[in-house]
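*Asks:* What follows is the residue order along each chain.
There are 2 protein chains.
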Amino acid sequence: MTRTFVLLSHAVTSPSFLLRDLPGSGRRMDVVCRGVQAALFLSHGVREDAVFLAVLHGPPRTPATLRFEGAALRKVHPDERVLAIFVQKALEALEGAERRARAPGAIPADDAAPSAWVGSTPGVSARRLGLAAALDELGGPVVCLREGGEDVRGSDLPEGGVYVFGDYLDPEPAWEAELASRRALAVSVGPRSLFASHAMVLVHNELDRRARARAGRG
Amino acid sequence: MTRTFVLLSHAVTSPSFLLRDLPGSGRRMDVVCRGVQAALFLSHGVREDAVFLAVLHGPPRTPATLRFEGAALRKVHPDERVLAIFVQKALEALEGAERRARAPGAIPADDAAPSAWVGSTPGVSARRLGLAAALDELGGPVVCLREGGEDVRGSDLPEGGVYVFGDYLDPEPAWEAELASRRALAVSVGPRSLFASHAMVLVHNELDRRARARAGRG
Chain G
13 MTRTFVLLSH
23 AVTSPSFLLR
33 DLPGSGRRMD
43 VVCRGVQAAL
53 FLSHGVREDA
63 VFLAVLHGPP
73 RTPATLRFEG
83 AALRKVHPDE
93 RVLAIFVQKA
103 LEALEGAERR
113 ARAPGAIPAD
123 DAAPSAWVGS
133 TPGVSARRLG
143 LAAALDELGG
153 PVVCLREGGE
163 DVRGSDLPEG
173 GVYVFGDYLD
183 PEPAWEAELA
193 SRRALAVSVG
203 PRSLFASHAM
213 VLVHNELDRR
223 ARARAGRG
Chain C
13 MTRTFVLLSH
23 AVTSPSFLLR
33 DLPGSGRRMD
43 VVCRGVQAAL
53 FLSHGVREDA
63 VFLAVLHGPP
73 RTPATLRFEG
83 AALRKVHPDE
93 RVLAIFVQKA
103 LEALEGAERR
113 ARAPGAIPAD
123 DAAPSAWVGS
133 TPGVSARRLG
143 LAAALDELGG
153 PVVCLREGGE
163 DVRGSDLPEG
173 GVYVFGDYLD
183 PEPAWEAELA
193 SRRALAVSVG
203 PRSLFASHAM
213 VLVHNELDRR
223 ARARAGRG
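Chains as they are written, first to last, in this note's numbering: chain G, 13 to 230; chain C, 13 to 230.
Simulated from the structure, these hints should not be mistaken for lab results. A hint or two may mislead.
Intra- or inter-copy, both count: the list cannot distinguish identical chains.
[Stated by the list, open to error] When the alpha-carbon atoms are kept at most 25 Å apart in a straight line, the in silico SDA-like pairs for lysine to any residue are as follows:
no., residue 1, residue 2
1, 101, 40
2, 101, 111
3, 87, 180
4, 87, 204
5, 87, 181
6, 87, 30
Make a model of the complete structure from these sequences and hints.
*Replies:* Encoded structure:
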């Protein structure tokens, strides 16, 4: 089953952030890069059964959602700078598709937003999707990581779940309402308040252990 | 009790690596930076009870050991580039102390290596220590992270333990011999082969859970 991790991020939606200042110019784009890394990378390879989405809420044009698919990634190195370059390429491709949609003679689309994912490099794409539309498309049961949620170790985690993580700021009210309306299961990874990327590592580990236990019984 | 995490790294021992190419020019200095981040950072703060050491085995002059103390860190941001700048400052300070020790009129020290930690920025220091000397100085019981080790969740983890993690390459034979001579407990974090930084997150979580359980009983 595919594991999908969604990061709710306040990072910028333009590719013009600086690679030498991901936290400032990218409004914590470093958090997004570490999310890609925690969600998709193993020691000497990639999690081919994992998909990572980042719903970006920052300026200049919110929302934009990035998608990284483990099974399709090529030549991506796990360091933040290289991952940030892939983010830039994805946001550039999205802006380019929108410029073409607005060009004279183009068939006008609703608000000139491409109606499909715009691919940039293998396994990486972007689209003007907010959280609600992204969850609609993903379709699986939603689990959100939350301090005070039930302990992930004892939790009845669904197969093929969509795991939603926040960044360093409080979640947007619209995100909270969307998760509430879907009756998302709230789980906690432990006693301390952790980075989203660290929470992703802990969720993967719990699911890895359960997969091993199932395989042992099978 | 202090938690000490030691990364056995093949990264360079010179400060002249490039911030825009940590994996290549730094021989995976990005792994070291992510180690600092996983060992010491919480969502909105620092783990004041944690210390991180990286034993660097790369050129031009091995070994060098970096030390980051959570309780003393100031103005350190968790992104890789900023952490790499702190690594550079630490290695520059070490080289500077060695130049001064070799200067005419200086009291000659054994091989011109400073006999104490050379501080650079608050909470960060460096020294010409290899693994054996670093473990001698740390003094606590040693636990090494190893695929095939006993499961960390059921393991009898010592209070005040020194946890040793490898990087992306096989450990040096001298490191293996040193850990064997100390009868280090070998533990595993789960079924998949993970980055050192991800294994650190999992060890912290296990120790956080035990600390909470003890506090609940106390």
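*Asks:* All the hints need checking, so say for each whether the structure fits it.
*Replies:* Verification of the supplied hints:
no. : hint       : result
1   : 101 to 40  : both (17 Å within a copy, 24 Å between copies)
2   : 101 to 111 : within (15 Å within a copy, 45 Å between copies)
3   : 87 to 180  : between (29 Å within a copy, 17 Å between copies)
4   : 87 to 204  : between (34 Å within a copy, 21 Å between copies)
5   : 87 to 181  : between (31 Å within a copy, 19 Å between copies)
6   : 87 to 30   : both (21 Å within a copy, 20 Å between copies)
Hint violations for this structure: none, all hints satisfied.
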